[in-house]
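There are 2 protein chains.
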Amino acid sequence: MENFNYYNPVKILFGKGKIYELAGEIPENARILITFGKGSIKKNGIYNQVKEVLEDFTTFEFGGIEANPTYETCLEGLGIIKDNKIDFLLAVGGGSVLDATKFMAASANFSGEDSWEILSKEAVVESAVPLGAILTLPATGSEMNGNSVITRQKTMEKLAFSSSEVMPQFSILDPEYTFSLPQRQVVNGIVDAFVHVIEQYLTYPVNSPVQDRMAEGILLTLIEEGRKAMEAEMPDYSNRANLMWAATMGLNGLISVGVKQDWTTHIIGHELTAFHGLDHAVTLAIVLPGVLYQKKSERKIKLLQFGERVWGIKEGSDEVKLNKTIQETEAFFRELGIQTKLSEHNIGNKTIERIMNRFKDRGIEKIGMQQDIELEEVRYILEIQL
Amino acid sequence: MENFNYYNPVKILFGKGKIYELAGEIPENARILITFGKGSIKKNGIYNQVKEVLEDFTTFEFGGIEANPTYETCLEGLGIIKDNKIDFLLAVGGGSVLDATKFMAASANFSGEDSWEILSKEAVVESAVPLGAILTLPATGSEMNGNSVITRQKTMEKLAFSSSEVMPQFSILDPEYTFSLPQRQVVNGIVDAFVHVIEQYLTYPVNSPVQDRMAEGILLTLIEEGRKAMEAEMPDYSNRANLMWAATMGLNGLISVGVKQDWTTHIIGHELTAFHGLDHAVTLAIVLPGVLYQKKSERKIKLLQFGERVWGIKEGSDEVKLNKTIQETEAFFRELGIQTKLSEHNIGNKTIERIMNRFKDRGIEKIGMQQDIELEEVRYILEIQL
Numbered sequence: 001m002e003n004f005n006y007y008n009p010v011k012i013l014f015g016k017g018k019i020y021e022l023a024g025e026i027p028e029n030a031r032i033l034i035t036f037g038k039g040s041i042k043k044n045g046i047y048n049q050v051k052e053v054l055e056d057f058t059t060f061e062f063g064g065i066e067a068n069p070t071y072e073t074c075l076e077g078l079g080i081i082k083d084n085k086i087d088f089l090l091a092v093g094g095g096s097v098l099d100a101t102k103f104m105a106a107s108a109n110f111s112g113e114d115s116w117e118i119l120s121k122e123a124v125v126e127s128a129v130p131l132g133a134i135l136t137l138p139a140t141g142s143e144m145n146g147n148s149v150i151t152r153q154k155t156m157e158k159l160a161f162s163s164s165e166v167m168p169q170f171s172i173l174d175p176e177y178t179f180s181l182p183q184r185q186v187v188n189g190i191v192d193a194f195v196h197v198i199e200q201y202l203t204y205p206v207n208s209p210v211q212d213r214m215a216e217g218i219l220l221t222l223i224e225e226g227r228k229a230m231e232a233e234m235p236d237y238s239n240r241a242n243l244m245w246a247a248t249m250g251l252n253g254l255i256s257v258g259v260k261q262d263w264t265t266h267i268i269g270h271e272l273t274a275f276h277g278l279d280h281a282v283t284l285a286i287v288l289p290g291v292l293y294q295k296k297s298e299r300k301i302k303l304l305q306f307g308e309r310v311w312g313i314k315e316g317s318d319e320v321k322l323n324k325t326i327q328e329t330e331a332f333f334r335e336l337g338i339q340t341k342l343s344e345h346n347i348g349n350k351t352i353e354r355i356m357n358r359f360k361d362r363g364i365e366k367i368g369m370q371q372d373i374e375l376e377e378v379r380y381i382l383e384i385q386l
Numbered sequence: 001m002e003n004f005n006y007y008n009p010v011k012i013l014f015g016k017g018k019i020y021e022l023a024g025e026i027p028e029n030a031r032i033l034i035t036f037g038k039g040s041i042k043k044n045g046i047y048n049q050v051k052e053v054l055e056d057f058t059t060f061e062f063g064g065i066e067a068n069p070t071y072e073t074c075l076e077g078l079g080i081i082k083d084n085k086i087d088f089l090l091a092v093g094g095g096s097v098l099d100a101t102k103f104m105a106a107s108a109n110f111s112g113e114d115s116w117e118i119l120s121k122e123a124v125v126e127s128a129v130p131l132g133a134i135l136t137l138p139a140t141g142s143e144m145n146g147n148s149v150i151t152r153q154k155t156m157e158k159l160a161f162s163s164s165e166v167m168p169q170f171s172i173l174d175p176e177y178t179f180s181l182p183q184r185q186v187v188n189g190i191v192d193a194f195v196h197v198i199e200q201y202l203t204y205p206v207n208s209p210v211q212d213r214m215a216e217g218i219l220l221t222l223i224e225e226g227r228k229a230m231e232a233e234m235p236d237y238s239n240r241a242n243l244m245w246a247a248t249m250g251l252n253g254l255i256s257v258g259v260k261q262d263w264t265t266h267i268i269g270h271e272l273t274a275f276h277g278l279d280h281a282v283t284l285a286i287v288l289p290g291v292l293y294q295k296k297s298e299r300k301i302k303l304l305q306f307g308e309r310v311w312g313i314k315e316g317s318d319e320v321k322l323n324k325t326i327q328e329t330e331a332f333f334r335e336l337g338i339q340t341k342l343s344e345h346n347i348g349n350k351t352i353e354r355i356m357n358r359f360k361d362r363g364i365e366k367i368g369m370q371q372d373i374e375l376e377e378v379r380y381i382l383e384i385q386l
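First to last, the sequence lines map onto chains A and B.
Using our numbering, the letters of the first sequence correspond one by one to residues 1 to 386.
Using our numbering, the letters of the second sequence correspond one by one to residues 1 to 386.
A portion of the hints provided could be inaccurate.
Identical copies go unnamed one by one, so any copy, or any two together, can satisfy a pair.
Claimed, not checked - The calculated lysine to any residue pairs, modelled on SDA-like cross-linking and capped at a C-alpha distance of 25 Å, are:
no. : residue 1 : residue 2
1   : LYS16     : ASN207
2   : LYS341    : ASN323
3   : LYS300    : MET156
4   : LYS43     : GLU157
5   : LYS302    : TYR204
6   : LYS228    : TYR204
7   : LYS260    : ILE19
8   : LYS260    : GLU176
9   : LYS228    : LYS302
10  : LYS260    : TYR20
11  : LYS16     : TYR204
12  : LYS300    : ASP318
13  : LYS300    : ILE313
14  : LYS38     : GLY312
15  : LYS11     : ALA160
16  : LYS43     : PRO130
17  : LYS228    : LYS260
18  : LYS260    : TYR237
19  : LYS228    : GLU2
20  : LYS228    : GLY258
21  : LYS366    : HIS276
Since the hints were derived computationally from the structure, they do not count as laboratory data.
Here the structure is a predicted model, which is why all the values come from computation and not from measurement.
Put together the whole structure using the sequences plus the hints.
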């Protein structure tokens, strides 16, 4: 195991009815900006619940945050924060709303000229407006970490930052809040969480049995509960609760302590979203099998462990087991109704060239946290999935 | 899954050499009381390292904290805190030193007359002197939770309290600091951590696959790494690192969220320590098999799951599998060199009577968090292990 520091002070309030503990978590006399997305919370009743619970507070609103939230949108929100002396942000939504709110929180206290530098130049986040979250879409883990991914419309760049300053003070996770989600978003959430775990688990062994078994436990849960979610005619509370907690535990930092992470699939996937607007989870389902095929010799030990413990693959030569493991993984995404080939999304070699050129322009020679993927391999990874 | 709140702001600094980050974690100008046990840290060099790293701080010392730390000892430390206007406590040791330091931290700020009420009357801990920890003995999980167990010598009572106010601000976990431990303490730590996990896992199913698999992953790690530790001629870094992290993850609150906990084995075990001074872990290894035999019908579902996933027991009738599961568990403790029968410790029916009488005097009718064990069953549990 490698050395590590771990710090995660996010308070989790989990379960039905937890919204009624909200007011007690926010400082008295706070001037709150409630942030949300395209308005689904106004249709499913969550908005009204939040307003009712916060009736003794001064609240403002900033709605309209899009999927793959943009820097441009965040600047609008930032204006509202400054104009109204907001001192608490309450994100009500999924990962996009949370990520945008985190970036606004950091931007509001940013001392430099342009807070885009937090993303483009890794400018340090020295402080942020405190924030809390009410999660409506389990997927990104943003409710229990300090990560945020923001897209700049103008340049079609999708970049990430991470800081403990933007960790939510609390996050309310009520599985019932996911009942009104369209199936597509439920499925995207499962795939997103699945690939998060893989990014932190499937590289090289460092003798980390606790972290490995936690990761495998979350993957097994996502498979079992994901299949149940597909079969269910009506949303089931336990099923949604398990999916929600699996997604949160998948990216709260615990399974990545002391191990060798990857994140190649995300780096490549972000480009597919930037150029074609594909759902984040769909890009991951496309890219991951390509990465695993491309790296199957180097990452053989962990891949075989994954195959055996998660997919139950024990028979055959290593080569047979490796291929089966990757096939099972891709088949699971397809079983959830996700198209895992680029051609199924009308994407071809032209986009591959564009992505290659963009990485070259950025001066990138190797990608992934293990730096074990040469730039030229990105082409092969995407060609495998054509 | 049941509703829950989870909050754990302890910062973990894990790995060799992490002591050199210590000074940066303590507030400038802090007046620090370094607390420790019977002096092993002076022999193995840890004391000198700590003093060197803290040379710019004003430090005081309180050594001599015993295993199963006493209220009487804590009162002595409390005097030093008050006399010297201490504003930071640094516990250097195992669970006993940490638990005592937590109780001193809470007592120093206690507004009532006698801080024993925190233990005897569940008086609320409104604040505490901030504390940090340097762990030298992985076992109790005290480095990443707000729990503390204190014994009152005069009355031979061993009681526990829990408060987020006494969670360490940080804990340094350097596996090399465990290299000088006697084998008996290594083994005790493994058993202690194992039973902590069982207490949070082995009652009744609530459909909690993430928590269950995490618990099973920690148990499997403790078994595998525990056996390696027994076989090793010299301490191995990876082995000690995995044992250390397993013990911490076993009691930082994560595997118990939303599930039905027990703690019967601890409640009964504490009495064996109080009356006979047995090592805490030894009492757990004695009592747990008795609890599992006594409750094997009611807790059948989780016991069978434990047997299958942890011990690989899949063949035979339920009755056969249940018995095998409990036998394997007790055999593992014995493999580690722990004597699991009361008679092996010269304890007989007289002690059982004393324990029964003490519980009766306290007005206890049922024990355990599930209240599924009648007082009379305590007798059967102990008789099974005579």
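Each hint tested on the structure:
1. LYS16 x ASN207: This pair counts as between: shortest inter-copy Cα distance 16 Å, intra-copy 38 Å.
2. LYS341 x ASN323: within (17 Å within a copy, 51 Å between copies)
3. LYS300 x MET156: Answer is neither; intra-copy 35 Å and inter-copy 57 Å both fail.
4. LYS43 x GLU157: This pair counts as neither: shortest intra-copy Cα distance 32 Å, inter-copy 57 Å.
5. LYS302 x TYR204: Close inside one copy (6 Å), not across copies (33 Å); limit 25 Å.
6. LYS228 x TYR204: Between copies only: 22 Å across, 32 Å inside.
7. LYS260 x ILE19: So LYS260 and ILE19 pass the 25 Å test across copies only (23 Å; inside, 37 Å).
8. LYS260 x GLU176: between (35 Å within a copy, 21 Å between copies)
9. LYS228 x LYS302: between (27 Å within a copy, 21 Å between copies)
10. LYS260 x TYR20: between (40 Å within a copy, 23 Å between copies)
11. LYS16 x TYR204: between (39 Å within a copy, 21 Å between copies)
12. LYS300 x ASP318: For LYS300 and ASP318, only the intra-copy Cα distance (8 Å) is at most 25 Å; the inter-copy one is 38 Å.
13. LYS300 x ILE313: Classified as within; 14 Å inside a copy, 29 Å across copies.
14. LYS38 x GLY312: neither (41 Å within a copy, 50 Å between copies)
15. LYS11 x ALA160: Classified as both: same-chain Cα gap 23 Å, cross-chain 24 Å, threshold 25 Å.
16. LYS43 x PRO130: neither (27 Å within a copy, 46 Å between copies)
17. LYS228 x LYS260: Answer is between: at 24 Å across copies they meet the 25 Å cutoff, but 32 Å inside does not.
18. LYS260 x TYR237: Between copies, since 18 Å is at most 25 Å while 35 Å is not.
19. LYS228 x GLU2: between (37 Å within a copy, 19 Å between copies)
20. LYS228 x GLY258: Between copies only: 20 Å across, 33 Å inside.
21. LYS366 x HIS276: within (24 Å within a copy, 63 Å between copies)
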